[in-house]
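Spelled out from the first residue to the last, the chains are:
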Amino acid sequence: DAKTTQPNSMESNEEEPVHLPCNHSTISGTDYIHWYRQLPSQGPEYVIHGLTSNVNNRMASLAIAEDRKSSTLILHRATLRDAAVYYCILRDVGGTSYGKLTFGQGTILTVHP
Amino acid sequence: GAVVSQHPSRVICKSGTSVKIECRSLDFQATTMFWYRQFPKQSLMLMATSNEGSKATYEQGVEKDKFLINHASLTLSTLTVTSAHPEDSSFYICSARRDGTNYGYTFGSGTRLTVV
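Taken in sequence, the protein lines are chains H and A.
Numbered as in the working numbering, the first sequence ends at 282 without a single skipped number.
Numbered as in the working numbering, the second sequence ends at 124 without a single skipped number.
Okay, chain H solo, but in the shape it has when bound (with noise of 0.2 Å):
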């Protein structure tokens, strides 16, 4: 499976834009980068996902880079609801797979008020 790196952690104040980043520099043509954050003791909540443009919905954005190796979901307005940890996958949809995600350690954000 591709693997993708996170940072551990990161901050941000409410009402502030945040930028998470995650690199992916091993991912394939088929693979799609999603997005997940999960609350303590919930199920992840799917955020976004993208192929290669650049994808909005009413959650975030999701930034792709020209080459694919790296993509950063931008938060344009956190609240205090944001907080969570938020996990960069990819999915494979090609082979035997069945499309399973395989998930990372993911980027705890902490949003202070």
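Taking beta-carbon pairs under 7 Å as the criterion, some of the chain H residues facing chain A (in silico):
(1) 212
(2) 215
(3) 218
(4) 269
(5) 271
(6) 272
(7) 274
If you are wondering where the hints come from, they were derived from the structure by calculation, not from laboratory data.
All C-beta atoms, glycine included, are put in the ideal place defined by N, C-alpha and C.
For this one, chain H is given, so just place chain A on it according to the hints.
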């Protein structure tokens, strides 16, 4: 849409007994579902891939005879922890994705299993 219901949310069982956890996709069909386990302060570890109408695919190191998976319909997968021991105490989470789409995955709210 895309809701996954997991039940029970918490269960305490005695050592040596078996526990069944259900994972249902409420408003979509899911031929494939996934089961994860998460220990405190750790990331999710994929245990197995559940496929409707066929045998589950287990990750390396996961005992298939201990963690029985049944995916009898397009909306229901079950995980049975057999002969549970205290070391099986963990947070178990399932996930699914709507068939025929490239949507993101939806996760259940998790089951906290405590074996005493």
